[in-house]
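Undergrad: The lines below spell out each chain.
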Amino acid sequence: MTTTDTFPRCGPYPAAAPFAPIREELTTRFGAMPDRLDLLQILVSIQHRLGYVPAEAISWLATNLGLSRAEIHGVVAFYSFLEETPPAPYTLRFSTNITELWQGQEANMARFKDLPNVRALPTSCIGLGDQGPAALVNGYPLPRLTATRLDAIARAIASRRPVAEWPAEWFKVDPNVRLAGPLLEFAFTPGALVERVLAAGDAAFMEMLRASGLRGRGGAGFATHAKWDACRAEVVPEKYVVCNADEGEPGTFKDRLLLSDHAELLIEGMTIAARVVGAKQGYIYLRGEYLWLYDRLNAALEARRRAGLLGAKVCGAADFPFDIAIHLGAGAYVCGEESALLESLEGRRGVPRIRPPFPATHGYRGRPTVVNNVETYCAIAQLAGIGAAEFAALGSQGSAGTKLHSVSGDCAHPGIFECAMGTQVSTLLDLCGTRDPLAVQVGGPSGRLLFPEEFHLPLDFSHVSSGGSFMVIGRERDLFELVYNFVAFFHHESCGFCTPCRSGSNIMLNALQRIRRGQGTEHELQIITEAAAVASKASHCGLGHTLGNPFQDLERGRPAVFQDRLRDSPDGTVLDLKRAVAEARALRER
Amino acid sequence: MSDTRKITVATCSLAGCFGCHMSFLDIDERIVALVDKVSFGRTPLTDIHTLHACDIGLVEGGLCNDENVHVVRHFRQQCKILVAVGACAINGGVPAMRNRYGLAECLEESYLYGVGVADPQIPSDPELPLLLNQVHPIQDAVKVDYFLTGCPPPAEAFLELLTAVLENRAPQMSYALRHFD
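Respectively, the protein sequence lines represent chains A and B.
Our numbering puts the first residue of the first sequence at 1, with every later residue one more than the last.
Our numbering puts the first residue of the second sequence at 1, with every later residue one more than the last.
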C-alpha cells in the first residue's frame, strides 16, 4: 500500500457522474484486484473525483475485493465525507466548532441554504480555528469567510465556475505562528539526525529517549520510550511506524502547521522511530479535512526518496529499508483514537479496538506498531539534535520540552504559540492578547474548562494537560452554548459501538435541548449527570470517557449557568397547554 | 373485613386502547375478595362519569388533546395516589408515533389526501377537542406517584398495587411483573 494519489480541486460535480471512466485509473493505481486494506483509500479517491460513491463502484469493489456490498456500505456510511447519494455540484461544509459559531457561522451557512447547485452542511472543526469562520468546498478549505468573500463564493457557484479556477487567495491558509520556540526554530540538515542515530546505535537512542522524559503530544501524555520499548521487545520482522495526523480535537490546528511547514522534521522523526523499533514501513494518517496538504506532503516524501533518505537503503544503510505512505481519513473524529486509527488504516470502519493488546505489540495488520502524534515525531527529531539534557531542560518537572498551543476564540492574536511545558494559562492568555476572559477551554471538548480562579495553573502533564487546543471564551459568551455545542459534537462523532457513549451522548443532548428550549427541570440535570457518569466509567474508548467533561466542568465551576435556565417546576411537569394546542387551533381556523 | 375503610378507585383511558382496563379485569375471581375493600369512583367500567375525591386514580393512555390534559389534571386534584398505567401513559406509546410528523401533516394525510377520503376537510367542529402538537406522557402534565409498566401491565400488577395501598405499604413489583420479553 504505497500508491500515491493526487487530489486536485474538483467540481462542480455532474449530477450523477458515471463510474466507468475512473475505473481504469483506479486499476492502474491500486491493481486489478486491490488489497482489502486499500478500501478506504479507493473510496476516498472515488468520492473526490465523482463527488459520491456510485452503486456501480460499490458492486465493482465488492467483486474485486471479495467483500460483501453490505461491508462496503458499512464503511461508506461510517465516514462523514463519503456519500452514496449523487452530489450537488458544490458542497460547502461549514465548520461548526463553537468559536466559529460565535463568529456568525450559522448565518454564513443559512446564506447558502436555498441557493441552487450547492449544499450547505455543518461539519466538525476543520483545523482553521485561528482563521475562521471557515468552510470546505468539495473538500478544500476556505478560511476567513467575510461577507464579501461569501458573496464572491456565491457568485462563483451561481456561474458554475470550476473550483480549480477559484482564486488561490480564497484557499490560502496562513501558518499563523505567533510565538516560535526551540521546536519551530530547530534547524537541521535532512538526514543528518537519522545518520546520528545510525552511528550511535538504537540502544543509545532509547537511553536518550528515556533520559529526556519525552511524553506523547497527542493528549494522553504516555511516555514515548515505554511505547517504543514495548514495540522493540517484539521479535517479528514486520513492524510499522504510524503518524497520527488526524488532528480532530476541535480548536486544534498545530499539526496543520507542522505538516505544511515542518514536514521534513516530522519525516526525520518517523525515520528515527522506524530505525529504533525496526519498522520498514510508515504511514501518515492524514485527516480528510487536511486533504489540501496531501500533495504537499507527498512532494516532501518524494524529495526524501530522491535524496536517499527514504527507500531501500535509508542514508545508505544496507540494513535500513524504510518508506512512508499517506493514508487519508474521511471525516471521523474517533479515528484520532489510535486503535480506531489502525482500523481505519486497514480500510475498515473506525471503531476502536479492545485493548490490551495495545498497538505497540498488536497494531497495524496485527503487527507491532508505534503510533505517535505529529508533534511527538517532530520532538523526537529535535531530541536527536539537541540531546536529552537540553530537551528536558526546556520544560518543567515531569513534562520535558515545549508544547505547541493552537489559540483561537476571543483574543487579539489567534494562532500558534510554542511555550515551554509548565507555562501558566495566564501567561498564554497575556501572550495572545486577551483581557479578562470568562473562561478558557484547554485541550478541546475532551479537555478542561478553566475559570479565572484556575488561570495560575501550569500547562503541563501534571497540571493542565493539553493536546494543543486553547479556546479563549470572552465575557459576552454563553457557556451553556459551549457545553451544548461540545455535547452535540460528541453525539455526532460517537462511533456507535458501545451503549454508554452512543446512548449517553444522545440522552445528554436531548436533555440539554429541553433545557435550551426552556423546558428543562432538575430532572434533566439529574439525567445528564447520570449519563455523564456512566459514559465516563463504562465507555469503550476515550471519546466516551471524556464526553461528560464539558458538562461536569461547567456544573462544578458555574452551576448557575444551568440553574438559571431551569423551568420552575418542582413536580417535573413541562407541558404548556396553550402552546401545545396553538397549531391545532390555527389549523381549525384555516 | 367490614370494619376496614373502603378505598375508592377512579380510572380513565386517554389516548389509549382500553387494553390496560381489560388487563385490570383479568384479575378474574380475585375481584370477589376486593369487593368489600374497594369501590369505584369515576370509571368507564361502571359508567360513572363524575369524579370526586378518591384514593387511587389509574390513568391509561397518553395525552393527545386538550381534553386529555384537563382530565388528567382533574384526576391529579382529586386522587391521593395517581398511577400512570401502561406504555402509553408512561411513554406516549403507539399514539406518540405521530410525533415524528407535524400535526398538519398528520391531519392532511388523514382528512385531505389519504386514500378513499370523501369530502376532504380538516374537522373543525368546536365540540372536538384540540389536538396537541405532540403526544405527551402524562408525567409531562402532572406529577405521577406510581408507574405500572407493560403493554398492558399484567393483572397481578394491578392486584399488587391495590393490595399494597390497602395494607398501607409501598407496592412491590416482582421481576415478572415488570419484565416483558
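Watch out, some of these pointers could steer you wrong.
Quick list of in silico lysine to aspartate or glutamate cross-link-like pairs, EDC-like style, CA-CA up to 16 Å [as the list claims (entries may be wrong)]:
| id | chain 1 | residue 1 | chain 2 | residue 2 |
| --- | --- | --- | --- | --- |
| 1 | A | K313 | A | E346 |
| 2 | B | K143 | A | D571 |
| 3 | A | K578 | B | E167 |
| 4 | B | K6 | B | E167 |
| 5 | B | K37 | B | D145 |
| 6 | B | K80 | A | D571 |
| 7 | B | K6 | B | D36 |
| 8 | A | K280 | A | E169 |
| 9 | B | K37 | B | D55 |
| 10 | A | K578 | B | D66 |
| 11 | A | K280 | A | D319 |
| 12 | B | K80 | B | D145 |
| 13 | A | K113 | A | E169 |
| 14 | B | K143 | A | D151 |
| 15 | B | K6 | B | D125 |
| 16 | A | K578 | A | E522 |
| 17 | B | K143 | A | D568 |
| 18 | B | K143 | A | E522 |
Derived by calculation from the structure, the hints in this document are not laboratory data.
Undergrad: Each hint should be assessed against the structure and marked as holding or not.
TA: Okay, the hints, checked on the actual structure:
Annotation: proposed proximity of K313/A to E346/A is violated, straight-line Cα distance about 26 Å (limit 16 Å). For the hint pairing K143/B with D571/A, the CA-to-CA distance comes to about 6 Å; that is within 16 Å, so the pair holds. For the suggested pair K578/A and E167/B, the alpha carbons sit about 41 Å apart, so the restraint of at most 16 Å is broken. With a CA separation close to 12 Å, the supplied pair K6/B and E167/B stays within the 16 Å bound.
A threshold of 16 Å between alpha carbons decides the hint, and for K37/B with D145/B the separation of about 21 Å lies outside it, so the pair is violated. Using a Cα cut-off of 16 Å, the hinted pair K80/B and D571/A holds, with the two alpha carbons roughly 15 Å apart. Proximity of K6/B to D36/B is assessed by CA-CA distance (about 7 Å); at most 16 Å being required, the pair is judged to hold. Taken as a hint, the K280/A and E169/A pair is broken in the structure, with Cα atoms around 40 Å apart against an allowance of 16 Å.
Note on K37/B and D55/B: the hinted pairing holds, with a Cα-Cα distance of about 12 Å set against a maximum of 16 Å. For the proposed pair K578/A and D66/B, the alpha carbon gap of about 9 Å is at most 16 Å, so the pair holds. For the hint linking K280/A to D319/A, the alpha-carbon distance of about 10 Å falls within 16 Å, and the restraint holds. With a CA separation close to 9 Å, the supplied pair K80/B and D145/B stays within the 16 Å bound.
About 24 Å separates the Cα atoms of K113/A and E169/A, which puts this hinted pair outside 16 Å; it is violated. This hinted pair does not check out: K143/B and D151/A have alpha carbons roughly 53 Å apart, beyond 16 Å. Of the supplied pair hints, the one linking K6/B and D125/B is violated, its CA atoms being roughly 42 Å apart against a limit of 16 Å. For the hint linking K578/A to E522/A, the alpha-carbon distance of about 23 Å lies beyond 16 Å, and the restraint is violated.
Restraint check for K143/B and D568/A: the C-alpha separation of about 14 Å stays at or below 16 Å, so the hint holds. With a CA separation close to 14 Å, the supplied pair K143/B and E522/A stays within the 16 Å bound.
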